[in-house]
Amino acid sequence: MGFTSIDDLTNQITNNGKSDGFIYQKNFPAAGTAGHWQHLINAAGSPPAATFGGTEATFTATDGTWSEGAVQLGGDVDPATKHLLAAGGSIVAAAGAPWFVYPVDLVGYVKLTTTNVTTTGTKTVTMTPISNTSAKVDRYANGEGLRMFVAAYAAMGANAPTMQITYTNSAGTASRVTTSGCVSTASAASGTILNSGNAANKYGPFLPLQGNDTGVKDIENLIWGGTAHASGSVIIALCRPIVSLPIPVPATGLFNLFDYVNTIPSFPKLPDGCNLQFLVFNTAATTSGGTFYASGQYGWGG
Amino acid sequence: MGFANVSEWASCMDAGRFHITTFRKQVASAATVANDFVDYTYFAGNPVANFYASSPLEAAHIEANKGIHLRDVGDSQYIKDFCVMTVASSATGTSNQNQRLLLADYLMYYPFVDTDAIGEQQDMVQTVTLPRYATEGGQIMCVAQSAASTVGTFTLSYTNQDGVPGRTTQVTYTKAVSGGGAIVTSNTNSVAGSLPFVGLQAGDKSVLSVESCTFSSPGGGLMAIVIVRPIMHTRATQECRRTTTGNLESYGAATHMEALIHMPINEVKRGAVLGVIGLGNAGSLASSILTGVLTTQWSI
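Read top to bottom, the protein sequences are chains C and U.
For the first sequence, position 135 matches number 185 in our numbering, and the numbering has no gaps at all.
For the second sequence, position 300 matches number 751 in our numbering, and the numbering has no gaps at all.
Accuracy of the hints is not assured; some may be wrong.
[What the hints assert, rightly or not] Pairs of lysine to any residue residues, derived as SDA-like cross-links and limited to a Cα-Cα distance of at most 25 Å, are as follows: (1) U:K517 to C:P258; (2) U:K656 to U:M714; (3) U:K720 to C:G261; (4) C:K319 to U:H707; (5) U:K720 to C:P258; (6) C:K173 to C:T108; (7) C:K186 to C:A224; (8) C:K319 to U:S458; (9) U:K720 to C:S230; (10) C:K319 to U:K656; (11) U:K517 to C:N262; (12) C:K173 to C:S240; (13) C:K319 to U:F469; (14) U:K517 to U:N456; (15) C:K319 to C:T64; (16) C:K319 to U:S750; (17) U:K517 to C:T64; (18) C:K319 to C:S140; (19) C:K68 to C:D58; (20) C:K319 to C:G138; (21) C:K68 to C:T115; (22) U:K720 to C:R226; (23) C:K186 to C:T223; (24) C:K319 to U:A710; (25) C:K319 to U:T706; (26) C:K319 to U:N456.
It is worth saying that the hints were derived from the structure and are not from the lab.
All chains should be modelled from the sequences, with the hints used to inform the complete structure.
Shown next, in the form of structure tokens:
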């Protein structure tokens with residue numbers, strides 16, 4: 051449980067010490083493209099750059115202990131639940147402003163490389179469906195609330211094929227598909243979310259699910275259509291959006307803080323196992339080597 | 452179906468009943484002036500530009516891909532939050548600051564009305580009817596589809612919210628504009644009288660359709676008559692930019708509107724085509740960018 055009242059919140063923090071914070075800092079791995087979302091998972095900084103190990107075309111679950119780089123959030127607190135009390139960020143980059151930042155909980159990813167990127171057709175994914183157990187991978191029972199994006203983790207070659215993911219929704223219905231016609235991004239820099247962009251048939255940051263679907267239990271396959279990327283490596287990321295942060299002021303690194311207790315009393319949840327990562331929307335082209343900083347405070351009751 | 456209480460509203464995120472989308476629209480390079488309204492759907496970006504390009508004078512629906520992306524769920528979804536920022540057209544540009552913004556559902560339009568056809572009744576062709584708000588109706592907005600050289604005068608004949616045809620709008624002026632996308636209407640013969648919507652006949656609240664348009668003095672251009680349903684207001688305050696000479700300075704602001712805290716819960720009907728109408732306050736909006744994140748939620 052969270053907090054029963056503001057009195058309870060005050061007591062849990064001040065008397066019981068049930069509060070902590072996190073810091074995060076990443077250098078953009080490459081120039082961001084205007085109108086595109088970008089992930090910073092493989093960007094250098096703290097936590098370190100992920101390399102997306104694991105088996106090709108196979109779901110790799112991640113959580114707060116992910117060896118490739120997860121923000122430290124203080125371990126499990128079950129049966130209590132952690133909630134963001136405040137969070138903010140800043141970006142120091144000569145160009146690219148303004149930005150939107152979206153913290154997400156990365157539940158896992160599927161990496162696709164070589165011919166799984168450079169040829170079209172159906173790329174079947176091996177994945178144990180998300181269930182409803184106490185395992186960390188099941189921290190969103192049956193994948194409720196999870197969303198997907200397809201992102202580069204190396205520079206992409208020419209061509210922009212269409213992409214569509216077939217998935218099982220959180221109700222257990224198989225063969226559901228994301229919106230058809232979504233177009234990838236040609237020659238995108240590492241970190242680019244390929245389904246986003248500033249043109250027709252682009253959706254960002256997440257691929258729209260089918261109909262009334264509210265989550266993703268199983269990623270079944272990715273279908274590339276049209277002309278395949280000439281080269282590149284991608285991930286299908288499975289994540290839970292947490293909250294949106296705008297960063298309006300260019301270059302200076304002015305910190306933008308959101309207060310989730312008073313200003314926007316929404317208490318976004320950080321479940322046990324949360325693998326906190328950040329997505330960034332570049333309104334203009336962001337300079338390579340820009341730096342993103344974030345920090346936040348969370349608390350828990352129980 | 453809506454929400455019975457705040458608990459139901461707050462549970463949407465945990466239940467996965469939410470959709471997050473971004474948009475980014477860049478005003479064309481043709482200059483606007485202070486107190487001009489602009490139709491951001493007309494401009495390039497994501498979603499793609501909406502040029503109201505279809506058969507002249509025939510009623511048409513606006514394609515879904517011209518609106519800010521929404522999930523196709525339930526009867527309605529509701530706006531959880533809406534955050535916007537505006538980007539200056541240059542390192543020193545300030546003329547896009549302090550914009551009043553209106554998020555609207557674009558329902559139907561009649562394109563390519565000739566604002567030079569004085570004395571001639573241009574009859575609309577009712578090939579389709581309102582796809583949403585079929586009995587409540589919407590407001591009339593006149594969007595330039597070309598540059599316009601002079602100040603014109605016109606009235607529209609329309610059917611009001613009660614289904615009564617033959618109603619007549621206030622005598623309305625069109626302004627000289629530099630390009631498509633500007634909202635041309637004014638209640639005076641100058642930009643000082645700019646209005647987003649055409650004034651209706653006394654007693655009327657909204658319109659279901661427009662039957663004809665008659666110009667009594669020429670406006671020197673083309674316009675689309677668009678029926679929209681206003682949903683919510685917000686604003687973009689300080690423009691985002693950084694100077695490049697002298698003491699380097701950065702400017703910018705975001706406006707975040709959260710349902711229940713900064714605004715009521717606003718409904719978006721299934722199939723809605725969402726677009727933004729902006730009011731330039733400090734000068735031209737040319738080449739400036741409006742960007743934002745919209746989150747919607749829905750009930751079971």
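Against the structure, the hints come out as follows:
For the given pair, K517 (chain U) sits about 16 Å from P258 (chain C) by alpha-carbon distance, which is consistent with the 25 Å threshold. The suggested pairing of K656 (chain U) with M714 (chain U) holds, with an alpha-carbon distance near 23 Å, which does not exceed 25 Å. Note on K720 (chain U) and G261 (chain C): the hinted pairing holds, with a Cα-Cα distance of about 15 Å set against a maximum of 25 Å. Between the alpha carbons of K319 (chain C) and H707 (chain U) the distance comes to roughly 20 Å, so the proposed pair stays at or under 25 Å and holds.
Proposed proximity of K720 (chain U) and P258 (chain C) is supported: the alpha carbons are some 18 Å apart, at most 25 Å. Restraint check for K173 (chain C) and T108 (chain C): the C-alpha separation of about 10 Å stays at or below 25 Å, so the hint holds. Restraint check: the Cα-Cα separation between K186 (chain C) and A224 (chain C) comes to about 23 Å, which is no more than 25 Å; the hinted pair holds. Distance check on the hinted pair: K319 (chain C) and S458 (chain U) sit about 15 Å apart at the alpha-carbon level, within 25 Å; holds.
Between K720 (chain U) and S230 (chain C) the alpha-carbon distance is near 22 Å, which keeps this suggested pair within the 25 Å criterion. Our distance criterion of 25 Å between C-alpha atoms is broken by K319 (chain C) and K656 (chain U), whose separation comes to about 44 Å. The suggested pairing of K517 (chain U) with N262 (chain C) holds, with an alpha-carbon distance near 21 Å, which does not exceed 25 Å. Proximity of K173 (chain C) to S240 (chain C) is assessed by CA-CA distance (about 21 Å); at most 25 Å being required, the pair is judged to hold.
Between the alpha carbons of K319 (chain C) and F469 (chain U) the distance comes to roughly 15 Å, so the proposed pair stays at or under 25 Å and holds. With a CA separation close to 33 Å, the supplied pair K517 (chain U) and N456 (chain U) exceeds the 25 Å bound. Of the pairs offered as hints, the one joining K319 (chain C) and T64 (chain C) holds, with about 20 Å between alpha carbons and a cut-off of 25 Å not exceeded. At most 25 Å may separate the alpha-carbon atoms for a hinted pair to count; K319 (chain C) and S750 (chain U) meet this at roughly 20 Å.
At most 25 Å may separate the alpha-carbon atoms for a hinted pair to count; K517 (chain U) and T64 (chain C) exceed this at roughly 51 Å. With a C-alpha separation of about 22 Å, the suggested pairing of K319 (chain C) with S140 (chain C) holds against the 25 Å cut-off. About 11 Å separates the Cα atoms of K68 (chain C) and D58 (chain C), which keeps this hinted pair within 25 Å; it holds. For the suggested pair K319 (chain C) and G138 (chain C), the alpha carbons sit about 16 Å apart, so the restraint of at most 25 Å is met.
For the hint pairing K68 (chain C) with T115 (chain C), the CA-to-CA distance comes to about 20 Å; that is within 25 Å, so the pair holds. Between K720 (chain U) and R226 (chain C), the direct Cα distance comes to roughly 24 Å. Compliance with the 25 Å bound is thereby established for this hinted pair. Restraint check: the Cα-Cα separation between K186 (chain C) and T223 (chain C) comes to about 22 Å, which is no more than 25 Å; the hinted pair holds. Proximity of K319 (chain C) to A710 (chain U) is assessed by CA-CA distance (about 18 Å); at most 25 Å being required, the pair is judged to hold.
Only pairs whose Cα atoms come within 25 Å are accepted, and K319 (chain C) paired with T706 (chain U) is accepted, the gap being roughly 23 Å. For the hint pairing K319 (chain C) with N456 (chain U), the CA-to-CA distance comes to about 20 Å; that is within 25 Å, so the pair holds.
The structure shown violates the earlier hints numbered 10, 14 and 17.
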